[in-house]
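Asker: Each chain, letter by letter, is given below.
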Amino acid sequence: MATTIKNSQPEILENVVIRFVGDSGDGMQLTGMQFTDTSAMFGNDVATFPNYPSEIRAPQGSLYGVSGFQVHIGSVEISTPGEDLDLLVCMNPAALKTNLSALKAGHTIIIDTDSFTKKNLEKALYASNPLEDGSLNNYRVIEVAMTSLTKVALKDMGLDNKSITRSKNMFALGMVYWMYDRDMNYTLEFFAKKFAKKPIIAEANSKVLKTGFYFAETLELIPNSFSISPSKMPKGTYRIINGNQATAWGFLAAAEKSGLELFLGSYPITPASDILHELVKHKHFGVKAFQAEDEIAGITSSIGASFAGDFAITTTSGPGLALKGEAIGLAMILELPLVIVNVQRGGPSTGLPTKTEQSDLLQAMYGRNGESPLIVIAASTPANCFDWAYEAARLTLEHMTPVLLLTDGYIANGSEPWKIKSIKDMPPITHKQIKGGDPEKWNVYDRDSVTLAREWAIPGTKGFEHRVGGLEKDKTTGNVSYIPENHEYMTNIRAEKVQRVQNSIPDLKADFNDEGDLLIIGWGGTFGSLHSAAKQLSDEDYKVGHAHFNYINPFPKNTAEVFSKFKKIVVCELNNGQLAFILRGKFPNIEFSQYNKVQGLPFGASELTKKFKTLIK
Amino acid sequence: MTEATKYTFKDFASDQEVRWCPGCDDYVILRAMQKALPEMGVKKEDVVFISGIGCSSRFPYYIDSYGMHSIHGRAPAIASGVKLANPDLSVWVITGDGDSLAIGGNHFIHVLRRNLNLNIILFNNEIYGLTKGQFSPTSLIGQKTKTSPYGNTQPPFSPGELGIGAQARFFARIGGNTPKEMTQLFIEAEKFQGTSLIEVLQNCVIFNDGCFTKYTDKAVRPDKQIHLEHNKPMLFGKDRDKGLVLNGLKLEVVTLGENGITESDLLVHDAKEPDPTLHSMLVRLDYPLATGIIRAVEELTFEAREDALTKEVSANSKFNKVDDLFFSGETYQVK
Chain A
8 MATTIKNSQP
18 EILENVVIRF
28 VGDSGDGMQL
38 TGMQFTDTSA
48 MFGNDVATFP
58 NYPSEIRAPQ
68 GSLYGVSGFQ
78 VHIGSVEIST
88 PGEDLDLLVC
98 MNPAALKTNL
108 SALKAGHTII
118 IDTDSFTKKN
128 LEKALYASNP
138 LEDGSLNNYR
148 VIEVAMTSLT
158 KVALKDMGLD
168 NKSITRSKNM
178 FALGMVYWMY
188 DRDMNYTLEF
198 FAKKFAKKPI
208 IAEANSKVLK
218 TGFYFAETLE
228 LIPNSFSISP
238 SKMPKGTYRI
248 INGNQATAWG
258 FLAAAEKSGL
268 ELFLGSYPIT
278 PASDILHELV
288 KHKHFGVKAF
298 QAEDEIAGIT
308 SSIGASFAGD
318 FAITTTSGPG
328 LALKGEAIGL
338 AMILELPLVI
348 VNVQRGGPST
358 GLPTKTEQSD
368 LLQAMYGRNG
378 ESPLIVIAAS
388 TPANCFDWAY
398 EAARLTLEHM
408 TPVLLLTDGY
418 IANGSEPWKI
428 KSIKDMPPIT
438 HKQIKGGDPE
448 KWNVYDRDSV
458 TLAREWAIPG
468 TKGFEHRVGG
478 LEKDKTTGNV
488 SYIPENHEYM
498 TNIRAEKVQR
508 VQNSIPDLKA
518 DFNDEGDLLI
528 IGWGGTFGSL
538 HSAAKQLSDE
548 DYKVGHAHFN
558 YINPFPKNTA
568 EVFSKFKKIV
578 VCELNNGQLA
588 FILRGKFPNI
598 EFSQYNKVQG
608 LPFGASELTK
618 KFKTLIK
Chain B
38 MTEATKYTFK
48 DFASDQEVRW
58 CPGCDDYVIL
68 RAMQKALPEM
78 GVKKEDVVFI
88 SGIGCSSRFP
98 YYIDSYGMHS
108 IHGRAPAIAS
118 GVKLANPDLS
128 VWVITGDGDS
138 LAIGGNHFIH
148 VLRRNLNLNI
158 ILFNNEIYGL
168 TKGQFSPTSL
178 IGQKTKTSPY
188 GNTQPPFSPG
198 ELGIGAQARF
208 FARIGGNTPK
218 EMTQLFIEAE
228 KFQGTSLIEV
238 LQNCVIFNDG
248 CFTKYTDKAV
258 RPDKQIHLEH
268 NKPMLFGKDR
278 DKGLVLNGLK
288 LEVVTLGENG
298 ITESDLLVHD
308 AKEPDPTLHS
318 MLVRLDYPLA
328 TGIIRAVEEL
338 TFEAREDALT
348 KEVSANSKFN
358 KVDDLFFSGE
368 TYQVK
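In the order they appear, the protein sequences are chains A and B. Per my numbering, the first sequence starts with residue 8, numbered consecutively. Per my numbering, the second sequence starts with residue 38, numbered consecutively.
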């Protein structure tokens, strides 16, 4: 039970970054989420970043089987899960090896020494034991025999060895709760609820949590030197939400607001499946969530449901989007409402399923045969996935053309506080369904003069029987037409319809400065990183602005004007320059610098500020 | 479907000019459908035809109802979405052997497995017509086509066998030149609660002319086909003197009056038998070729299962409006 403190760290911080790391079976995601929820309840702003392998149970102790959960809590505004760690909680040698470099020098590591066996050290490719060879001298190491202590705590409960060792993560959590002055009640209640049918497991977890907490307290091994006070967030009712849940809920809200039933056709794929998991629960709202036989059936069943009058969506990730391409073109030429959600992951091909990337932008924009523009929008934080899903619904239902909503693995799995929105505070959604009228005065492809949207006559509506299809159709009747001029007219009007969305979306804004030396441009899930970096530079009196795109096709009307106010522009993306490529095509007279990263990881604030400073010089 | 509007076949004819090749069986199928629809007791605005790609898939353009000519192979999935969105609709899938058994094979088997209450008409002509004459998944071994100039080397699927293997609850087969029986089959398919699969042996006059003549030609039809009817003995032949008996694990053709065989020795067709063994044997039979409703076993439909579950979940749910959900559980106040 060696517990040593090799350094001291008397600091009071406004924000703290903690990472829990262990084997993929060690329960690090649960541990991290509990810490997050508890901190949010306490009133901190939080942001999280789960980072886990794609194998369900990679070989125990291996380097590639390490699963981590990073949480950033603060009494100030938190816009990213943070970069350099203040505390690393390490359940085995492999976790230490793969995560140590992220820890700030002099900062704390809590280590389960029981896992530092010869075998585990070998699996982690350590030539010598880092606990003994001095390689951790620059850190404050707290060695705790967590597994043994957990066993002692639970020895009289009659549990099997596996159940006992599985609760050691709660020992670690208990210690961290004490360190940061957190209340254990939220987690204790969580156990009682989660294991309502297995009270002995609830009791065991509670006991271990408390043991860890009191271990840290009683032995006074850890000075309780910091307490993160509640942050100043707008008043209201909050909950912690991740991007996928927020996306699902945005669609629920849109369905209720529009008065339509929600249909989801989908096929499981990482990291999008959680949207399907969430929506299958909500039959009570009339949600029809249909797990189809493949990606193509996912979208085509949605097209059928849309034809029949439901508000239809389909959810996928990169490879699935590739499979859906032909069907997206069908929805586009039919001019039916449909939202396609692409939760981006590392590509190409299977790529990095559990890692984040923004490399599907060009696929979203152009990945179909023929001239087939879509409305393309992107969410930029976990919580605003709610708003962008809702906006996707509004746009598709009002403009009668498919909307492609991009999120990514980073914001889909990341979580943050969400100030809960009531349906009554959401903007109205007016769909184009017709329930009657004079069919003699109606044609399938008659259009609204402002938006160019057609009307949506659904089966069951008497007198409005009509046929649609993937063949080019007459501009009025919708009958098949091979007339050359008609095809060109229809091609142009479908594009014009998407372009006119510009009239119903807000202007682009630059944060921090609306003119100056450098405009930082990004889109989608990199918002938090870019915002933090821009804020830091702005605080240092650099004349930088940050303009973030949520509307990508079409761009906001004033885009060129925003660009014109800065001496330099840098486009930052987690790909090799896809938005930059689009911008150069649309704004050929403007020069764009780039900053790109394709490591399956989000941007770090320091790499960004370093790059931006060199550009300003 | 409360009031019974009386339609005639003209009510279901669209204003579009039909553009199939002269002499194509597709005309027969279209006419049979236009005659069957008024007999089904469904309202015109509740009828939806969904097709994929191929000659057959032009079909929805010619029926005056709701319709969608979609993309290759996907009609069963699109139709599933239509039916799940609105279970009150009468939904029809129009497809061909290439559309449903090659590019759309996955959707074909899964729609049958799920058993939605919709109807699939599979126009089988053992060839790709619209792409001009390549072999299809039902083309025969040795068949010479544009892509098998020396003879086809890929063994064919039997749509009925594949369908029953995928748990088709209703399977019927009909020659493309027997409109009266076809009309009746369409009406029966609509009555059936569950996915109905109807294979039409459809002659392609251009690329595979005469491929079914040995069964369907008027002169040989009574001797080469057995038109099955539920609860009736398996009897066929111009003189109604031939029948089917079971000999071990094989069906055998017998002649009444020979070896003391009488009608009472013949198998009696039971389309409603849940065990598919005999139905599969009938589907595989080459002489005589089995037509009519081979299998019709009703079982709870997918949408009925979904509906029951939705009612049950809703009855037990504390959420009526999304706000109930959003503000439920682990929320906290910032003051």
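In case anyone wonders, no lab produced these hints; they're calculated from the structure. Beta carbons: idealized from backbone N, C-alpha and C, even for Gly. Hints are not guaranteed to be accurate.
[Unchecked claim] These stretches of chain A come out as covered by chain B in the derived footprint (C-beta under 8 Å, 3 or more residues):
id	segment
1	51-61
2	260-270
3	287-298
4	301-312
5	320-327
6	426-432
7	466-478
[What the hints assert, rightly or not] Heads up, incomplete: computed chain A residues facing chain B, CB under 7 Å, no partners named:
id	residue
8	21
9	244
10	245
11	315
12	330
13	333
14	337
Asker: Against each hint, give a clear statement of whether it holds in the structure.
Answerer: Hints and how they fare:
no.: 1; hint: 51-61; in the structure: violated (count 0)
no.: 2; hint: 260-270; in the structure: holds (count 4)
no.: 3; hint: 287-298; in the structure: holds (count 7)
no.: 4; hint: 301-312; in the structure: holds (count 9)
no.: 5; hint: 320-327; in the structure: violated (count 0)
no.: 6; hint: 426-432; in the structure: holds (count 6)
no.: 7; hint: 466-478; in the structure: holds (count 13)
no.: 8; hint: 21; in the structure: violated, 17 Å
no.: 9; hint: 244; in the structure: holds, 5 Å
no.: 10; hint: 245; in the structure: holds, 5 Å
no.: 11; hint: 315; in the structure: holds, 4 Å
no.: 12; hint: 330; in the structure: violated, 11 Å
no.: 13; hint: 333; in the structure: holds, 6 Å
no.: 14; hint: 337; in the structure: holds, 5 Å
This entry does not satisfy hints 1, 5, 8 and 12, going by the numbered hints stated previously.
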